[in-house]
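Engineer: Going down the list, the sequences are from chains A and B.
Just so we're aligned: the first sequence equals residues 1 to 484 in my numbering.
Just so we're aligned: the second sequence equals residues 485 to 918 in my numbering.
Rather than coming from a laboratory, the hints here were simulated on the basis of the structure.
Where hints are given, some of them may not hold.
[To be verified] Taking CB as the label site, the calculated pair distances span:
| hint | chain 1 | residue 1 | chain 2 | residue 2 | range |
| --- | --- | --- | --- | --- | --- |
| 1 | A | M166 | B | A803 | 41 to 49 Å |
| 2 | B | E884 | A | V246 | 50 to 58 Å |
| 3 | B | T860 | A | R360 | 46 to 54 Å |
| 4 | B | N720 | A | G479 | 48 to 56 Å |
| 5 | B | A862 | A | V246 | 47 to 55 Å |
| 6 | A | E75 | B | G805 | 29 to 37 Å |
Just so it is clear, CB atoms sit at the ideal spot from N, CA and C, and this is done for glycine as well.
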Amino acid sequence: MNKVRRVLAAACLLWLAQPSTAQDRARYPEALPGISEAYYTAFDDDNPYATQEMLNHIRREKFDLILPRVMRDAEVDMWIHIIRPWTFSGNERRKLEGLDLNYSNIDSTDPLRYEFGSNAAVLVFTDRGGGRIERVVFEGEVDDAGAFDIVRGQSKFINQENYEIMDYVKENPDDVPQSEMGYRFMGLGDFVAERDPERIGVNYAEKLSFAEGSETHTLALTDGISYADHLHLSQALGGTYAERMVSAENMILDYLTSIVAGEIVLFGGSGLPRQIRTFPKIVPGVTTLRDVSGSWFSTREWDHDESAFENFPLQQGDMFQDGMVPYYVLREGETEPPLEVERSWDEVVRVRELIGRNIRVGDTGRQALARIIDELEEAGFAYIDRDRFDPSLDPGKTQVHLDIHQVGKGVLAPRVSPMGARWQADKKIPLLLTLGIEYMVHMPVPEWGEGRHIYYCSLHERGVVTERGVEFAAPPVAGIQSIH
Amino acid sequence: MLLVLSTSVIATAQRSKQSYEIMRLIRSEKMDLVLPGAMRDNGVDMWIHVVQSGNKDPLALDLGGWFEYRAWDPVGYQIFTDRGGDRIERILLGGEDQEGLYDIIGSGDELRELVQERGPAVIAVNMSDTLPIANGLAHTSYLRLTEALGEQYASRLVSAERVITDFRVRRVQSEIVAFANALEIQRQVMEEALHRIEPGATTPEEIGWWAADRLLEQGIGASYEAATLFLPYMPNGATDGVYRRGAFLSWDMGIGYLNFGTDIKRHAYILRDDETRIPAGLALAWGRGMEAREILRKTFQVGRTAGESLEEIVAALEAGGYVYTPSDDRTSQYRELIGTLGEDERSGFSIDFHATGNTSVGDATAGPSMAPWRSTTADVMVQANYIFALEFVINTWVPEWNRRISINFEDNAIVTSRGVEYLGPIDDKTIVIR
């Protein structure tokens with residue numbers, strides 16, 4: 001199945017299967033509704049531990065522990081990050097209307113919306129020595145003002161329909177920005193000159209495409225500021241400092257993928273159990289996969305398209321997945337899945353363990369991929385670079401496809417996969433990277449007929465890369481569930 | 485056949501199953517990833533953990549297995565042998581392995597033969613003078629063990645306290661997550677409970693029992709039941725049994741969740757009728773605590789022993805203008821020292837960083853602890869991912885109260901290569917009750 005279709009199908013089905021946000025709200029009154037879907041893992045239930053206090057805590061930990069290092073490594077002594085106002089959709093907010101939300105960034109498409117707690121701001125971080133970075137909200141609003149040293153607030157001219165701006169224009173006819181958007185930067189030149197940075201990182205992309213590489217439940221991430229904002233910013237900084245601007249794209253990626261302990265807690269601790277479903281009312285030969293909101297068949301495919309059987313009735317002896325959990329419909333007289341089905345799960349676990357042993361801190365995604373492929377082939381598997389069963393390969397070998405990637409921040413890099421943009425595979429794997437252990441296993445079953453095989457797709461088991469290899473922040477799927 | 489469709493999700497014992505799966509993941513990863521290093525770094529090629537069947541062992545949840553009392557097999561053995569390679573061989577004798585964690589299952593009668601086959605040079609067993617969780621070996625079991633091993637191997641027995649310490653303190657990520665989840669549950673309950681106080685009416689018991697019930701609804705009890713006898717932890721600061729205006733409350737609590745135990749504090753102040761904010765003196769004392777915590781955070785690092793760490797911490801705070809007024813946890817030493825400081829504008833301090841993370845706290849659990857009275861672990865190294873209680877006391881002269889007040893701060897944290905990291909929101913502001 002096409003990867004995008006599979007991911008979207010899984011996301012939609014999981015979303016449908018979840019209790020409503022309002023129900024979660026009643027159950028976990030302090031949790032932020034929608035947060036997990038948008039952020040800490042896509043395809044996750046809402047997270048009872050993702051509270052306003054927890055996100056504020058993480059923001060401050062990252063400011064203290066990560067920010068100085070990433071700026072130093074990027075050799076910038078000032079970072080200007082601009083989130084343009086009025087770019088959020090409002091869809092999420094409308095969905096959550098009436099829930100008394102006390103945070104504003106749910107809708108924003110900026111990759112650092114949660115890190116900074118804002119959906120519209122001009123933020124300036126300056127290395128003024130002492131191992132600490134000065135944090136200033138030069139213009140705009142943030143959810144967690146206490147995390148910043150200076151919060152100047154929203155420009156009083158941000159609303160073009162108020163009287164203040166009319167008065168200002170009347171009194172300062174020679175000092176009116178060409179575009180109203182320029183009001184956000186008024187005074188920024190003096191502010192920057194006072195700090196006199198040598199290199200200023202600004203959030204515009206030169207090579208990386210966060211939009212292409214984003215995998216959030218809701219919206220694609222942006223690549224940074226607009227051309228117009230770049231002009232406004234350059235004008236506000238003036239020639240000397242405008243010339244010192246450099247792209248902050250790699251620093252932003254570094255900041256996103258440098259994980260503090262609190263983030264791993266949210267990543268692994270959704271707390272809600274992975275739902276194991278029961279299907280008391282399946283009628284073999286009648287109930288379809290779509291009827292039970294299943295994701296895809298594991299034992300049926302047509303022309304390598306697992307989705308082709310969505311409307312096909314479930315039969316005894318079928319295996320299908322609901323999200324990451326595999327279910328097998330027992331035949332008459334069976335008390336457990338047959339040996340070949342059990343063996344397919346053993347193969348899945350072997351692949352999972354092999355992956356875990358062969359992802360190392362400091363490797364690029366590409367290096368990790370090469371090592372895993374070598375080890376897979378050494379262990380008797382056949383690597384396939386597309387998630388399609390290849391009938392031309394040795395029927396004695398289980399085929400494995402890989403798409404392991406960063407998860408929990410919406411970006412896919414570092415990525416251990418034949419797919420995706422080159423920069424995603426070039427990115428090095430940092431310590432404590434949160435990783436979606438995504439792989440697909442096709443085990444041939446020649447006795448069922450030529451080309452027949454059992455398929456399992458592991459979407460996003462929640463891995464964390466440590467010096468010991470991959471550890472799981474939450475229990476991976478334990479095995480195949482039988483349906484009687 | 486009648487067509488009946490269902491798309492509803494029926495949850496079947498999901499929470500219990502999840503708890504089991506979390507513990508199974510932790511056991512499995514610790515044996516795969518931590519156990520080899522814990523044994524090799526301590527020069528141990530066989531670790532025999534002796535369990536008296538029918539009694540709960542301190543490491544029961546860490547090592548798995550099931551030891552129902554059997555008159556014919558009253559002692560169980562969990563034997564871990566370094567036979568080379570990436571993995572430690574796991575044998576369970578005299579019990580059952582219900583989750584496939586062990587490679588070999590057998591009877592206690594097979595102990596001698598299995599040990600002889602493997603010929604270990606150093607055999608660590610769970611006996612310890614200093615570490616309660618490594619001291620589960622009963623005298624009777626010891627006699628049985630040494631008789632079974634024979635003189636040749638019995639003479640190779642050493643304490644497993646170092647192996648057990650490293651096995652415990654080297655945390656896998658799923659342990660950190662589970663522990664932090666417990667912290668967050670506790671934080672939410674404590675803070676909500678403090679906000680329920682009605683000045684002049686609410687009693688400590690009401691708050692304590694209310695919080696205990698909220699935790700019990702989630703299947704959570706005290707972390708150290710033996711200490712509390714199931715009585716709830718209650719905030720102190722009441723006068724004549726009631727919280728009154730002008731009171732500064734301190735609440736020390738630990739909860740037990742899965743195999744994990746917490747130990748944190750929260751503070752609150754009840755405004756007087758004419759107050760709109762915390763009094764200046766209290767705010768000053770609190771601020772001194774916050775500044776001290778930043779110094780502590782920047783000073784405490786991996787790669788030093790507990791003794792060295794305590795010295796560094798004391799030196800750093802003294803350099804920051806604080807005066808060392810150490811408690812010895814027994815005598816009136818601390819009170820006398822702060823009495824000597826009197827109206828001195830400088831703040832005094834005492835340190836009690838201690839191991840935590842699993843049920844039971846302080847001296848009872850494994851890991852380096854940094855306090856004058858916890859010297860038994862002074863030579864134990866602070867390792868990455870060490871979970872500990874960042875506990876300290878700051879005493880400051882408060883002019884309007886005409887006395888020095890001591891505030892005991894305590895949050896749980898881990899120390900990583902980046903330094904101290906908090907796993908969730910910390911006790912960084914006094915909760916104001918109006």
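Engineer: Can you let me know if the beta-carbon spacing of N720/B and G479/A is within 48 to 56 Å?
Structural biologist: holds (50 Å)
Engineer: CB of A862/B to CB of V246/A, is that within 47 to 55 Å?
Structural biologist: holds (49 Å)
Engineer: Does the Cβ pair E75/A, G805/B satisfy 29 to 37 Å?
Structural biologist: At 35 Å between Cβs, range holds.
Engineer: Holds or violated: the 50 to 58 Å window for the beta-carbon distance between E884/B and V246/A?
Structural biologist: Check passed, 53 Å falls within 50 to 58 Å.
Engineer: Check the following: the C-beta atoms of M166/A and A803/B are separated by a distance inside 41 to 49 Å.
Structural biologist: Distance hint for M166/A, A803/B is violated at roughly 57 Å.
Engineer: Given a hinted range of 46 to 54 Å, is it respected by the beta-carbon distance of T860/B and R360/A?
Structural biologist: violated (37 Å)
In summary, the numbered hints that this structure violates are 1 and 3.
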